[in-house]
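For reference, the chains in residue letters:
Number of protein chains: 2
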Amino acid sequence: MTLELILVGFGNVARRFASLLDERRARLAGEHDLDIRTVGIVTRRHGHAFAARGLDAAALANRVARGGPLVASRPSGDRSASSSVDFIRDAIDRRARTAYERCLVMVETTTLNILSGEPAIAHVRAALGGGAHVVTANKGPAAFAYHALARMSHRADRRFLFEGAVMDGVPVFNLAREALPGIEVLGFRGVVNTTTNYMLNAMEQGQAFDEALVEMQAMGVAEADASLDIDGWDAAAKTAALANVLMDASLTPQRVERRGITRDLMHRAIDARRAGRRLKLVARAGYEGSKITARVAPEELPGDDLLASLDGQQNALILHTDLLGEIAIVQRSGGLTQTAYALLSDLITIARDVGTARATPQPRPRAPRGRSR
Amino acid sequence: MTLELILVGFGNVARRFASLLDERRARLAGEHDLDIRTVGIVTRRHGHAFAARGLDAAALANRVARGGPLVASRPSGDRSASSSVDFIRDAIDRRARTAYERCLVMVETTTLNILSGEPAIAHVRAALGGGAHVVTANKGPAAFAYHALARMSHRADRRFLFEGAVMDGVPVFNLAREALPGIEVLGFRGVVNTTTNYMLNAMEQGQAFDEALVEMQAMGVAEADASLDIDGWDAAAKTAALANVLMDASLTPQRVERRGITRDLMHRAIDARRAGRRLKLVARAGYEGSKITARVAPEELPGDDLLASLDGQQNALILHTDLLGEIAIVQRSGGLTQTAYALLSDLITIARDVGTARATPQPRPRAPRGRSR
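If you're matching them up, the sequences are chains A and B in order. Per our numbering, the first sequence starts with residue 1, numbered consecutively. Per our numbering, the second sequence starts with residue 1, numbered consecutively.
By construction, these hints were calculated from the structure, which means they are not laboratory data. A quick note: this is a predicted structure, and the numbers were derived from the prediction, not measured. A few of these clues could be false.
The list makes no distinction among identical chains, and a pair is therefore deemed to hold if it is satisfied within one copy or across any two copies.
Here are the computed lysine to any residue pairs in the SDA-like style, where the Cα-Cα straight-line distance is at most 25 Å [said to hold, decoys possible]: (1) 291 with 116; (2) 291 with 125; (3) 291 with 214; (4) 291 with 147; (5) 291 with 26; (6) 291 with 101; (7) 291 with 28; (8) 291 with 276.
Here chain A stands alone, though its shape is the one from the complex (with noise of 0.2 Å):
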């Protein structure tokens, strides 16, 4: 089988993804019958690509990675697309066949405003309308619009995948969705954020918060705009997405209480520590009474919690559930492949699907004899 892609964003992660893609070329061939093209790339600014016969996504990912534009001359043919709305709109048009056939997936991985959750929602509502699946990194959607496009790709008969927006490739909504039928979970607490679980590990240790914030930055960990981080509003989206898919909450990112990291803390962090304690941006949800609230904001945890042995890369998340008690699963190592895998992984996902749908049903013999009712 093959999958087409329309590259929405075509940052670190897309780009990332363009080449485990190619590394991966073989083996996705060999262990799951899957071919996988890009037929258009958008960006915000590097221009945008599209050929029906598959471009050299890894290729081109070299070239932007090193400042350069997506096509080197406008390729004959080319639309000139006013947004990237428009080219989703007009890539899915130009391959209308293979989408019909749903074999088109839009992944997406653009920059999100926190404020609002766009441009990914209008982006998903795009490709979703089309007839593409949708796989994407971005927790926008799932944080602030999981119901409403839930139902959207259940009429359109076409998936909506994020497992790459919470803990990068640990398959949190897989594991929920797939692992744990007859299950419900009652709560969660975790830590979700990268940048000021490494800045809370540094602090306790002596370190100013903005030295160690520098140091996020240019290790390319922390956010293009770190007070998204710091603030507590990336772990507060993924904190509404958690608990929208796994509880069927309702919440957005506004919606969830929250508290950041500031500089007052390091004295807190290090006393924590020496008392043989840890601070933690900590994400929570829960229910109080019939309603599900949720909260991130700096927590003082015992040595021994699970949460609070995690290194500065490391994620974890608790469940709490009625049936299986407490299950906790952590990301143990964190980054771009990581991510890009995610969004690897919900493409097998894709495939599966279409696959099973296309197996010709079992012929029936005749049934054996039997003493059924």
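We have chain A; now place chain B onto it with these hints.
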């Protein structure tokens, strides 16, 4: 959809499973359109029972828990079964149409002979051979004969599921099968035996080995033959099952290098604890060149190791993967309900399967215009 069950083994786990099915009847009907009916029960010591129209398994569980036999008197139509395998074959024969419709499931929870994997393996073969799916909380089949039984399951087009074999209902096998597509597991380490974990925790606080063991037995946590826990056999069987399924190894428990816990570990445990370290019975598997090797042995771990922080009843597994680096899954509460849920989750997996296979393929209207090749 109705699934019919043949319960093979009716000890603590199966009896809790029977009461759980009763508690969840309305939710299974509402959320999964699933009715589950027990048609046969066979035990080693309490006799057997069969009723095509269904047994009241929860009531029978109560009776057996109070020391009673399964049946007050032999019901009309009952056949005497000379062995549990005969009972399985006979029950499938009586429910041949259900088996043919892929709606008959054997639920296997017998006591394991750790040196052979029997009688569970014979039960699995009999069930798959007759066209029943297999759900088991038993580690024997996956530890001793995973590949042979998986092939048999594939040929029979019936499922062979065993989520409860390791870490109760925490979805270790489901996670790898459903939620990590395209990921290669390169190795793992974990704490997977509860009795020894409890005992080491008690010993590091100065409790004597034998005292700790008696406590575990009183709590019903230790295996009936506690040497299976203490000598590391239980952990070795789980390690073999994990390596076979997650890494495609061909191990048996005997081929896992194995050291259990001994009386003389008390002082080492106390010293380790004082030095901020923890002594744990660690299960490991990994590659040595192209060969997969596995071992179970006491290891002294740094205090901030994820495995070090586990309480007595907690288990954890850290997977080392190619694309995601390390991810961990932690069971923070264990017990009969968790194991019973594992069986239920496997049943829901089967119901989803059968439901998907039955779903009518979507009619394909004429394709819209498109410029595809």
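Results for each hint:
1. 291 with 116: So residue 291 and residue 116 pass the 25 Å test inside one copy only (23 Å; across, 52 Å).
2. 291 with 125: neither (29 Å within a copy, 49 Å between copies)
3. 291 with 214: This pair counts as neither: shortest intra-copy Cα distance 39 Å, inter-copy 45 Å.
4. 291 with 147: within (17 Å within a copy, 48 Å between copies)
5. 291 with 26: between (49 Å within a copy, 23 Å between copies)
6. 291 with 101: neither (41 Å within a copy, 43 Å between copies)
7. 291 with 28: between (44 Å within a copy, 24 Å between copies)
8. 291 with 276: Neither: 35 Å inside a chain and 42 Å across chains, both beyond 25 Å.
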